[in-house]
Amino acid sequence: MTASQVERERFVRGRSCIQPSLSIALVALGLFPGLSHAAENRADLMQAHRGGTVRVVAKSAGGTIDPQINYAPLYWSYYGGVYDGLVTFRKAGGTDSLTIVADLAEAMPSVENAGKTYVFKLRKGIKFSNGKDLTTDDVVASFQRIFKVSSPTSGTWYKDIVGADACLAKPADCTLDGGVVADKSKWTITINLTAPDGEFLDKLSMPHASILPAETVGKDVGIDPIPGTGPYAFESYDPNKALIWARNPHFKEWSVEAQPDGYADRFELRFGLTADAQVNAIINDQADVMFDQPPASRLAELGTRFPTQVHLDPQLAFWYLPLNVNLAPFDNLKARQALAHAIDLKAVVNFFGGRNLATPTCQILPPGMQGYKPFCLHTKDPGSKWTAPDLEKAKQLVDESGTKGQTVTILTEDGEISRNIGSYLQSVLNQIGYNANIKSISGNIHYGYIQNTSNKVQISVTQWYADYPAASDFLNVLLGCGSFREGSDSSPNISGFCDKDLQAQMDKALALGITDQAGELWAAIDQGMMKQVPLIPLFNPKQVTLVSKRMGNFQFSKATNTWAYTLGWVR
Amino acid sequence: MATEPAFGSAVPTLSDDSRARGPWTQALHRFSRDGSALAAALVLVVVVVASLLAPIYAGRIAGVDPFSSNLEGEITLAGENIPVLAPSTEGLGIGVIPIGPTWQLNTYFLGADEQGRDVLARLLYGGRATLFIGSASTAITLVLAAFVGICAGFFGGWIDRVLSRVLDILWAFPIYLLAISLSIVLLNSRIELGPLVIDSSSLIIPIIIIGVIYVPYVARPIRGQVLALRKSDFVTAAIGLGVPPHRILARDILPNVITTLIVFVPLMMALNIATETALSFLSLGVQSPGASWGTIIRDGQSLLYSRPWVSTAPGLVIIVTIVALNILGDGVRDAFDPRAKLRP
Numbered sequence: 001m002t003a004s005q006v007e008r009e010r011f012v013r014g015r016s017c018i019q020p021s022l023s024i025a026l027v028a029l030g031l032f033p034g035l036s037h038a039a040e041n042r043a044d045l046m047q048a049h050r051g052g053t054v055r056v057v058a059k060s061a062g063g064t065i066d067p068q069i070n071y072a073p074l075y076w077s078y079y080g081g082v083y084d085g086l087v088t089f090r091k092a093g094g095t096d097s098l099t100i101v102a103d104l105a106e107a108m109p110s111v112e113n114a115g116k117t118y119v120f121k122l123r124k125g126i127k128f129s130n131g132k133d134l135t136t137d138d139v140v141a142s143f144q145r146i147f148k149v150s151s152p153t154s155g156t157w158y159k160d161i162v163g164a165d166a167c168l169a170k171p172a173d174c175t176l177d178g179g180v181v182a183d184k185s186k187w188t189i190t191i192n193l194t195a196p197d198g199e200f201l202d203k204l205s206m207p208h209a210s211i212l213p214a215e216t217v218g219k220d221v222g223i224d225p226i227p228g229t230g231p232y233a234f235e236s237y238d239p240n241k242a243l244i245w246a247r248n249p250h251f252k253e254w255s256v257e258a259q260p261d262g263y264a265d266r267f268e269l270r271f272g273l274t275a276d277a278q279v280n281a282i283i284n285d286q287a288d289v290m291f292d293q294p295p296a297s298r299l300a301e302l303g304t305r306f307p308t309q310v311h312l313d314p315q316l317a318f319w320y321l322p323l324n325v326n327l328a329p330f331d332n333l334k335a336r337q338a339l340a341h342a343i344d345l346k347a348v349v350n351f352f353g354g355r356n357l358a359t360p361t362c363q364i365l366p367p368g369m370q371g372y373k374p375f376c377l378h379t380k381d382p383g384s385k386w387t388a389p390d391l392e393k394a395k396q397l398v399d400e401s402g403t404k405g406q407t408v409t410i411l412t413e414d415g416e417i418s419r420n421i422g423s424y425l426q427s428v429l430n431q432i433g434y435n436a437n438i439k440s441i442s443g444n445i446h447y448g449y450i451q452n453t454s455n456k457v458q459i460s461v462t463q464w465y466a467d468y469p470a471a472s473d474f475l476n477v478l479l480g481c482g483s484f485r486e487g488s489d490s491s492p493n494i495s496g497f498c499d500k501d502l503q504a505q506m507d508k509a510l511a512l513g514i515t516d517q518a519g520e521l522w523a524a525i526d527q528g529m530m531k532q533v534p535l536i537p538l539f540n541p542k543q544v545t546l547v548s549k550r551m552g553n554f555q556f557s558k559a560t561n562t563w564a565y566t567l568g569w570v571r
Numbered sequence: 001m002a003t004e005p006a007f008g009s010a011v012p013t014l015s016d017d018s019r020a021r022g023p024w025t026q027a028l029h030r031f032s033r034d035g036s037a038l039a040a041a042l043v044l045v046v047v048v049v050a051s052l053l054a055p056i057y058a059g060r061i062a063g064v065d066p067f068s069s070n071l072e073g074e075i076t077l078a079g080e081n082i083p084v085l086a087p088s089t090e091g092l093g094i095g096v097i098p099i100g101p102t103w104q105l106n107t108y109f110l111g112a113d114e115q116g117r118d119v120l121a122r123l124l125y126g127g128r129a130t131l132f133i134g135s136a137s138t139a140i141t142l143v144l145a146a147f148v149g150i151c152a153g154f155f156g157g158w159i160d161r162v163l164s165r166v167l168d169i170l171w172a173f174p175i176y177l178l179a180i181s182l183s184i185v186l187l188n189s190r191i192e193l194g195p196l197v198i199d200s201s202s203l204i205i206p207i208i209i210i211g212v213i214y215v216p217y218v219a220r221p222i223r224g225q226v227l228a229l230r231k232s233d234f235v236t237a238a239i240g241l242g243v244p245p246h247r248i249l250a251r252d253i254l255p256n257v258i259t260t261l262i263v264f265v266p267l268m269m270a271l272n273i274a275t276e277t278a279l280s281f282l283s284l285g286v287q288s289p290g291a292s293w294g295t296i297i298r299d300g301q302s303l304l305y306s307r308p309w310v311s312t313a314p315g316l317v318i319i320v321t322i323v324a325l326n327i328l329g330d331g332v333r334d335a336f337d338p339r340a341k342l343r344p
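So the sequences go chain by chain: A and B. Take the first sequence: its letters are residues 1 to 571, numbered as in my numbering. Take the second sequence: its letters are residues 1 to 344, numbered as in my numbering.
These aren't lab readings, by the way, just hints derived from the structure by calculation. There's no promise every hint is true.
[As the list claims (entries may be wrong)] Under 7 angstroms between C-beta atoms, here's a sample of chain A residues computed to sit facing chain B:
{"id": "1", "residue": "P295"}
{"id": "2", "residue": "S297"}
{"id": "3", "residue": "L299"}
{"id": "4", "residue": "A300"}
{"id": "5", "residue": "G303"}
{"id": "6", "residue": "T308"}
{"id": "7", "residue": "V310"}
{"id": "8", "residue": "N350"}
{"id": "9", "residue": "G353"}
{"id": "10", "residue": "E416"}
{"id": "11", "residue": "N420"}
{"id": "12", "residue": "S423"}
{"id": "13", "residue": "N437"}
{"id": "14", "residue": "I438"}
{"id": "15", "residue": "S440"}
{"id": "16", "residue": "K549"}
[Unchecked claim] Pairs of lysine to any residue residues, derived as SDA-like cross-links and limited to a Cα-Cα distance of at most 20 angstroms, are as follows:
{"id": "17", "chain 1": "A", "residue 1": "K456", "chain 2": "B", "residue 2": "V185"}
{"id": "18", "chain 1": "A", "residue 1": "K121", "chain 2": "A", "residue 2": "A102"}
{"id": "19", "chain 1": "A", "residue 1": "K404", "chain 2": "B", "residue 2": "V185"}
{"id": "20", "chain 1": "A", "residue 1": "K439", "chain 2": "B", "residue 2": "F67"}
{"id": "21", "chain 1": "A", "residue 1": "K439", "chain 2": "A", "residue 2": "T453"}
[Unchecked claim] Beta-carbon label-pair distances, calculated as ranges:
{"id": "22", "chain 1": "B", "residue 1": "K231", "chain 2": "A", "residue 2": "P239", "range": "56 to 62 angstroms"}
{"id": "23", "chain 1": "A", "residue 1": "L327", "chain 2": "B", "residue 2": "L304", "range": "58 to 64 angstroms"}
{"id": "24", "chain 1": "B", "residue 1": "T89", "chain 2": "A", "residue 2": "R571", "range": "32 to 38 angstroms"}
Since this is a predicted model, take the numbers as computed values, not measurements. Glycine is no exception: its CB is placed at the ideal position from the N, C-alpha and C atoms.
From just these sequences and the hints, can you work out the full model?
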């Protein structure tokens with residue numbers, strides 16, 4: 001069995017159930033710290049570490065506090081301890097987190113009707129933070145609300161629920177009639193889909209599918225927090241100052257895996273500090289965790305002086321260069337191949353902090369993902385990994401493409417790493433025969449701007465962090481025909497790439513769900529995409545988190561790319 | 001007691017000394033006795049000459065290309081090969097730091113920036129861009145301001161009213177907000193005016209922007225001076241004698257205004273250099289991979305903790321240059337126009 005097969009097998013198993021014997025062995029070896037702690041007497045740990053306030057710092061606020069609307073990493077990191085869905089990713093660190101477990105549902109759903117019907121039995125005795133009991137009405141209303149508030153993923157993740165079409169057309173009148181059905185007597189929720197969706201449970205594990213009180217208004221609540229069922233409840237939110245959340249007085253732990261009670265009593269997320277200032281605050285014991293990555297220029301200092309306070313965690317993510325396949329010169333395959341051959345990935349990795357923080361990659365799927373088979377087509381010696389840039393070949397391809405001398409504008413965000421990659425890219429493009437210039441715009445508008453075809457962006461520097469751990473969340477979202485919307489700021493297929501054959505293969509793989517056959521198919525699609533180079537992958541990053549000396553049991557969830565903060569303690 | 005010199009005076013009163021040595025000679029004489037101004041001029045000469053020698057330093061002494069990334073480059077220092085961008089090998093082994101100052105003229109004297117480029121080479125090239133933009137925009141400011149101020153002051157009437165209102169509008173804008181707005185608009189795409197095409201990376205764009213925004217600062221005092229000159233006896237006499245306006249402007253007005261303009265040269269240049277560096281720092285002036293002192297400060301911003309020289313070197317050069325220009329400006333003012341209090 002190859003290393004990649006081991007990875008894949010681990011992933012596939014991880015999403016169903018971890019074999020008890022394997023878990024015990026790994027716990028004994030200390031490889032699953034999350035399980036290791038779980039295996040200890042939880043009551044003792046609680047007694048020893050319960051209490052205290054965790055001080056988190058971030059550059060700026062993350063917009064609306066509404067969990068069904070917000071789509072920003074900052075609050076997605078913290079919704080997990082405040083809200084619950086019917087199912088969720090296990091609250092644990094590393095690959096442990098990749099398992100989906102029942103949350104507000106008593107058990108994992110029974111899947112019927114050839115994968116088109118999911119039946120959940122709701123847990124009893126759960127209360128919202130306002131004291132109200134959770135009922136099946138809250139579940140139905142929450143699914144309706146996804147459409148009523150035009151959640152950013154209502155038209156993609158939840159469009160296959162029966163009745164979703166009508167809800168998308170007229171959000172205010174959404175009933176999801178026949179789509180989400182409650183049986184009050186049996187305390188069950190039945191969700192009917194129009195077509196099988198192998199990733200439906202992943203999508204139900206996302207904050208947008210949080211279960212909220214039925215009376216929640218059908219519009220963006222802005223800065224007014226909505227009650228949730230988790231161990232914490234938002235107390236106050238001022239986007240210019242801080243977001244505070246503290247213990248939910250009505251919470252009673254129902255599943256350590258799905259929603260464990262938290263150790264800390266209170267969290268204070270303060271805004272307005274630059275990444276440098278956040279580092280200083282933590283070094284000076286004025287904060288416990290920084291949300292933003294430390295600046296690249298301070299990594300060496302942190303890695304040397306504070307190694308025990310720095311956590312490095314692999315992420316299901318990659319940095320890449322979307323090439324607009326509908327605009328010159330990258331509407332020419334040879335021009336795209338040329339640039340892919342010319343880039344020195346080893347050098348680019350340095351901008352992110354070096355080889356211990358990022359791994360060069362030539363493909364879209366990250367390591368550990370279903371269908372991941374390492375390959376590199378555009379390098380000096382094509383094979384399973386990137387070796388070196390091939391400038392001669394790049395120049396030859398530019399000559400053959402007939403695009404030599406054309407002007408290329410690189411659009412980067414104003415962050416340090418993006419800007420550095422952009423400057424390097426400009427240098428490479430000039431070297432292989434183009435006339436390159438670079439423009440930096442604010443990170444607040446960059447992602448929307450580069451998605452919109454009206455802005456005629458030729459090439460940009462960006463990143464993709466998986467919403468949930470599935471191959472389609474990379475391949476179909478970033479390069480699927482359905483993800484390309486002309487003139488829209490919400491068109492994640494930035495390249496504007498659409499290949500009917502590859503799309504058909506993706507549709508087939510999606511229907512197959514988590515199977516070996518689907519894995520093989522995703523691997524072939526990954527290669528098929530990269531033969532056409534609609535984007536140039538650069539590297540798979542690791543998350544760098546700096547925490548205070550007193551911060552204990554820090555664990556990073558690979559499934560959600562977030563800190564599993566309810567597991568951390570400061571006492 | 002000697003009387004005041006002619007410069008800046010609407011009705012010159014000439015002393016014996018002045019008759020013996022013309023006003024220009026007197027001004028130069030006064031200037032040559034001003035030690036501070038001479039020192040400032042010397043500093044400026046050094047800065048200008050060093051900047052002009054940038055290609056010689058980069059090409060022949062250091063042997064580097066200051067406009068291309070050098071991410072995999074190595075240098076030999078004391079017989080040892082050292083990477084220009086060195087990955088950390090201590091602790092967790094994270095982070096990559098550019099080489100610091102070697103203090104050896106032929107190899108990364110001030111170290112490298114995050115792209116592995118020689119900071120000193122970029123500093124010298126940056127000086128060329130900054131000084132060129134500062135000088136050219138000053139020329140634009142003074143020419144436009146002289147034209148507007150003289151026309152408004154001399155012709156009066158509706159011409160004065162229109163020009164004065166335009167100056168008022170420009171004056172009303174916060175200067176940096178105006179500059180940033182113009183930069184964003186002009187840098188977003190290249191400018192095409194018939195056969196004239198200006199690329200978005202051209203230095204002409206920041207020159208025009210900076211040159212235009214400061215016109216009111218000079219035009220207003222010029223207009224005021226011309227208004228006074230317009231009512232002076234010698235101009236009234238010339239008009240009464242039927243001398244055409246263009247001759248009055250050329251022979252009576254301009255010579256009296258030119259000294260004010262000369263006094264403004266170093267002061268405006270200092271102001272324009274500060275504005276250029278600010279705009280470039282905000283990515284709205286000189287465009288990458290070009291260098292100006294402002295862009296180098298920006299490049300070094302993220303290295304302040306590990307490689308402070310990347311930012312502080314251009315910062316120091318800017319301070320030295322602007323202080324020198326201001327001292328020179330004071331010297332020129334004292335030499336040419338001792339009674340004026342012209343500070344923009």
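Holds or violated: K439/A and T453/A, Cα atoms, limit 20 angstroms. Holds, at about 17 angstroms.
Given G353/A as an interface hint, is its Cβ closer than 7 angstroms to any Cβ of chain B? Status holds, d = 5 angstroms.
Taken at face value, is the distance from the CA of A102/A to the CA of K121/A at most 20 angstroms? 10 angstroms, holds
Note whether the CB distance of L327/A and L304/B lies within 58 to 64 angstroms or breaks it. 38 angstroms, violated
Quick check on E416/A please, does its C-beta sit within 7 angstroms of some C-beta on chain B? 5 angstroms, holds
Agreement of hint T308/A with chain B interface, Cβ distance less than 7 angstroms: This hint is violated: T308/A lies away from chain B, its Cβ roughly 10 angstroms from the closest one there, beyond 7 angstroms.
Would you check the hint for K439/A and F67/B, treating anything up to 20 angstroms between C-alpha atoms as holding? Holds - the C-alpha atoms of F67/B and K439/A are around 16 angstroms apart, at most 20 angstroms.
Can you tell me whether the CB distance of K231/B to P239/A sits inside 56 to 62 angstroms? Check passed, 60 angstroms falls within 56 to 62 angstroms.
Hold the hint about G303/A up to the distance rule: shortest CB distance to chain B must be less than 7 angstroms. 4 angstroms, holds
Interface hint check: V310/A, Cβ to nearest Cβ on chain B, cutoff 7 angstroms. Holds or violated? For V310/A, the interface hint holds, since the closest Cβ of chain B sits about 6 angstroms away, which is under 7 angstroms.
Holds or violated: the hint that N437/A contacts chain B, with Cβ atoms closer than 7 angstroms. 5 angstroms, holds
Please verify that hint: A300/A, Cβ, nearest Cβ of chain B, below 7 angstroms or not. Hint on A300/A: holds, closest Cβ of chain B at ~3 angstroms, below 7 angstroms.
Hint compliance for this structure: hints 6, 16, 19 and 23 are broken, all remaining hints hold.
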